Amino acid sequence: MSTALVVFVLVLLLPLFLASWRVSLVGLAGQGALMAWLAYDRDGVTTVADGVRLVDLGLVRTLIVPVALYRVMAARNTGPRNDVIAPNLVSWTLALTAVLVGFRFAAHMPLPDSERPFVAAAASALLLAMLVLASSERVFSQVVGVFRFENALALFELSRPEPEAEPAFRVGLLVVLVVTLALARWYLRTLTPAGDAPAPEAS
Amino acid sequence: MNPALWLLAPLAFLVVIGPGRRHNALALVAAATVEVIVATVIAIGDVDTGADDLLTTDATARLFLLVIDWAFVGVVVYAWNRARVDAARPEASARRAYLGIAFLVAMNVVVIANHVLLAWLALEVTSLTAAPQITQASLPGSRGAAWRYLVFSIVGLGLASLGFWCLGHGGADGAHASMRFDVLAHTPAPADDPWRDLGFALLVLGLGTKLGLAPMYSWLPETYDEAPAAITAMLAAVQFNGTLVLLVRVLQIPGARAGVAGDALLVLGLASMAVSAGSILATRNVKRLVAYASINHAGVIAIGLGLGGEAAYGVLLYAVSNAFIKAILFLSIGHIEQHYQTKQMRDVGGLIKDLPYTGLFLMVGTFALLGFPPFGSFLGELLILSALAASGQMLVFAGFCAVIATTFIATGRSVFPMIWGESRIKATWHRQRLLPHLPKLVLLIALVMMGLYLPTSVNTLFREVAASMGSR
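Those protein sequence lines, which keep their order, are chains A and B. No gaps in the numbering here: position 192 of the first sequence is 192 in my numbering, and each next residue is one more. No gaps in the numbering here: position 13 of the second sequence is 1013 in my numbering, and each next residue is one more.
By construction, these hints were calculated from the structure, which means they are not laboratory data. Given the structure is predicted, the values throughout are model-derived calculations rather than measurements. Don't take each hint at face value.
Part of the chain A face toward chain B, derived, beta carbon under 8 Å [unchecked claim]:
(1) Met-109
(2) Leu-133
(3) Val-176
(4) Val-179
(5) Tyr-187
Away from chain A, derived, C-beta distances all over 12 Å, residues of chain B [unchecked claim]:
(6) Asp-1048
(7) Asp-1086
(8) Val-1151
(9) Ala-1274
(10) Ala-1282
(11) Ala-1390
(12) Arg-1431
(13) Leu-1435
(14) Pro-1436
(15) Met-1449
(16) Pro-1455
Which bits of chain A does chain B cover? Going by a derived footprint, with three or more residues having C-beta under 8 Å, they are [stated by the list, open to error]:
(17) 151-159
(18) 166-174
The beta carbon of each residue, even a glycine, is placed where N, CA and C say it ideally should be.
With the rest of the complex left out, here is chain B (with noise of 0.2 Å):
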């Protein structure tokens, strides 16, 4: 038996799940720790059965894998916290637990799914699962915000889709190309075929809606500022990184880069920054900061990929770091909006004191954020830069260091003043305790280990994904 396929173990869980029963948020954080396990062993013990019609542990996947569910499992820690707190929070309910579940094993099969179809499929199962998630029975808004986010998935999966139907189109003699991602990896670039060209811009277009690139980001504020802290931090960390998958291996495939496809990653990571950046300079609320904030990292990561190359092993520690970075941060940010009831940057200060775990994470969250030293973020960011100095885009070298600063200053303007600023809501908080902490902080090891020391066997991996997307 593929040892794949033991990532479908937690839908076993799914017979403990149902309405009023007391342990649902507790299924869920079982279920996850079971695929963390599977994944850890599969990702670290090597085990790579080489690729078959539909699924494959090859390094990407072994990579992604570690990272998706780590983050996943924080995720549901926190929401278990929740509902363990208070039972009547929707964490607590069947509905959220199912869906959860349906998510995390759909979001592993994006990441091992070796035919194009599978994987499509099991990502828009993710899109289907999480769009009920978003919706707040509490907060109205929610629900145009997840209608808007469904709307939005359709379309970036509907178009991906076609670029996938374009690439297999083969030209005007009639073949078939073929539809497993490890036969496309392999087969050489056509001289001049217009549909491989219109499918990788589609799927870049597609995709790029998908990871909230601009022009098609307009869902990703709404529904990251709408949905539950624990909905958004599933979001950024754990889907954003199954749709990466996906453009990676489209990206191995020889000749993505040559045609329209490269040059448009990159004007449309420069674009996405560029509108990050306004957005993060006149935002007020913190959530919507950290959402803009995951547009920029998204623009980022599209400037790294168009380049390929050198950029690659930047890419993928830029990509992984801002995986655990978002989760820390909208986990975090989700401990403010339940005690102070706000979202609004100025109504919060002196977090150090009040809250001192969440403030914490917060500091720690935010320069890694902003790419400081010693953080994987830092090290991924640098890597980048210097791949675009050394391929000779100097403009966009430019702007891209132009939008960092920007969004440096009004990042750090911001939220510094809710770390240490004078606590504006005169109140007694309860000593909060590390517990429902703890997930951030083997997030924030894992943070601190991409910029210092790697072992060896996650290294490889990351070399590994790094030399199939064309580094050296």
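Bound conformation, chain A alone (with noise of 0.2 Å):
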């Protein structure tokens, strides 16, 4: 397993212990970065796709979506602390266990050897989303879980590479993105942080 996908691991697993959303924005940022450069260390940029691919990967997921997550969460005044699964012994084993129930699936899948580790490491990522969307009624919990999400499929798609990947596919693939963020951020901004609305000021 790459160094990088040694670090990514870490940074998927990390916020999960320390309850703080900035830590949280930084780990997604983490993610967008190191697949950035995963992307970038095995295919370079040959392709319209692979450019696309790396705006989407080390632009939009690194500093897109945490920055803007960040702007709304700063002009909240939230305050520092923020548990995406709820800070007890059996959330920390729950996410530790899909780490390895994410090793053991790659292990025993039909797959070359040099997919295996990316595969291990995607599939800890989905599980750890997925746990992290269970955990948490909180809108940003479930934002933070939904861009997990995403990231765990985009490392999916970068374990093994594409000869025909089509521009115009990842454009579009870029675009849902964006507007996923825009809608999340408009929700983070107009729910409560439980995830009920405003009640109506009082006239």
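Hints are included, so try docking the two chains, each in its own frame, into the full complex.
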């Protein structure tokens, strides 16, 4: 397993144990940056599709998503603490088990050796994203869960080079990601942290 | 030029929409009318240009183009009528019209897409354009419902995309499988490929989430309840069937039902029916009741899809019938909500006297919902049940019958007093005009025809699609 993938798994896990929304956003940025590096290191930028993918991973996921969410949270004067999973031994054990299951899954599936570490990390990322989504009703945690989920899917796609990747599809995926971010940001701004709309102000 | 590209024509109406313009809702009606004309010409005119890398006009596409576009016309005519009566309604806004046209075109692209990624992207666009339409400024709860709809859509479609990734993985030899549905449908199933099994299972789970199948159904009752009636009808009648097309295309791939996916469809279907029956018994909200009935229908359809073979024709009849039933019922409930300002069934009574057309459509729609003859839903359910009995799955058969009976009693007990009971709210209503109800009448005629007589061209479409799903 390459160093970048080892760091990726650490970046997946650490924000779950540190109850801070800023760390969660740094975690998302870290995942994006590491995926951008993995893509560039393996394929370089030889086609338009590669370029679009690098923009997706290196710009949108690494910078735009965390910064856009940070600005909403900062504007709301949110306190530093935010648990994306419940802060107890059961949740932490489940998180570690998810990583183990991801690695066992990759070990058992028929795969070329070069892909196995990618699939292990991606499967772990997917299970952790599901854990985050299932653990908290708070809107911020769910937004983080959604983007962790999107990153896990991107890592699965990264595990195998796609010789016929159409640039138009890559652009389409990028646009969908940006619109998802815009909507997530809007809901994060307009819903209470618990997921309800704010009560109408008394006149 | 591929004639299917004419389905993009409604995009031209984007230029006539704008903030503050009076005819935004009418522009959406015009766009939907153009779309339904193109769809009908393609479907009934038997325009099959074959499949290219991106698009197809095969029988599946042609049949469901008819369904989603006719249902959509019904929805937008209802919305236009609301906007016409009250220009301050959200239905009159430019935002709704922009999103409506984007939704319509994307939904048509889902149906005619021959490329996995194109279909997936278009379905994602329908979710992204539907979510803001669920939100109603006057209903704070609708914002939370829209957010949860979005989260479930992202997760469901994400799992489906992972399923496609697994299908395309092609095992350990490093080969990529084709991403064209027509090629996949004619590629022999390899023996014992765990990636394919996993792919089909993830696709059933992911697309099942979008269809509202248990266990990932919790978004559906809340979303259908909180959204405006037109948007609820759009999700239930149009988006549901777009998602179903994708699932049908997956099940057209050889070996799809052989692994875990076939059994998963049976189990998820029966679980969905059971969950919905319990919820129908408990609810007192008419919109939620029809939402739970939608979960029930998704369950019946999943069971039929899991069986395949002889159940295929029945599933198609049932799915198409239910698109029209749900459109009729949700739009009728919209009228009820508009007049009585409530969705509580105990507060509404004597509909047939107060709002005769609405009462009539609610009555006939409920009969169709419960699977009475002569509607297509009756015949569809009968064919699925007979295929279930023939397959020897007697436990599922018994569970199916028990749940259907419970749903039948619970729905009738709640809805019929609304129609024939005593009026609870004493007021003088304006006499109802038939014009706003005409689209529902057209859908109702189609519903009856599906149970009694189908024109040869439409029946041929049904048979071709059923054959592609394994029917003889």
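Against the structure, the hints:
A least Cβ separation of about 6 Å between A/Met-109 and chain B falls short of the 8 Å threshold, and the interface hint therefore holds. Annotation: A/Leu-133 was flagged as interfacial toward chain B, and the flag holds, the nearest CB pair being 7 Å apart, inside 8 Å. For the restraint placing A/Val-176 at the interface with chain B, the shortest Cβ-Cβ distance is roughly 5 Å, inside the 8 Å limit, so the hint holds. Restraint check, A/Val-179 versus chain B: the minimum CB separation of about 5 Å is within 8 Å; hint holds.
Of the supplied interface hints, the one on A/Tyr-187 holds, with its beta-carbon coming within about 4 Å of a beta-carbon of chain B, less than 8 Å. Distance to chain A confirms B/Asp-1048 as a non-interface residue, since its nearest Cβ pair spans about 25 Å, more than 12 Å. The beta carbon of B/Asp-1086 is kept farther than 12 Å from every beta carbon of chain A, the shortest such distance being approximately 21 Å. For B/Val-1151, the condition that its CB be more than 12 Å from all CB atoms of chain A is violated, with the nearest at approximately 6 Å.
No beta-carbon of chain A is positioned within 12 Å of the beta-carbon of B/Ala-1274; the least distance is around 22 Å. With a closest Cβ-Cβ approach of about 22 Å to chain A, B/Ala-1282 is found to remain outside the 12 Å limit, as its non-interface label requires. Against the 12 Å criterion, B/Ala-1390 stays outside the reach of chain A, whose nearest CB is about 36 Å from its own CB. Taking the minimum C-beta to C-beta distance to chain A, about 35 Å, the non-interface status of B/Arg-1431 holds against the 12 Å cut.
Distance check on B/Leu-1435: its Cβ is at least 35 Å (rounded) from any Cβ of chain A, clearing the 12 Å threshold; non-interface status holds. At roughly 30 Å from the closest C-beta of chain A, the C-beta of B/Pro-1436 stays outside 12 Å, upholding its exclusion from the interface. The Cβ of B/Met-1449 lies farther than 12 Å from every Cβ of chain A, with a closest approach of about 38 Å, so its non-interface assignment holds. Against the 12 Å criterion, B/Pro-1455 stays outside the reach of chain A, whose nearest CB is about 38 Å from its own CB.
For the region 151-159 of chain A, the proposed coverage by chain B is satisfied: 3 residues have a C-beta within less than 8 Å of a C-beta in that chain, meeting the threshold of three. Restraint check on the region 166-174 of chain A versus chain B: 4 residues with Cβ-Cβ distances below 8 Å, three needed, restraint holds.
Figure legend: structure checked against the earlier numbered hints; the only hint not met is number 8.
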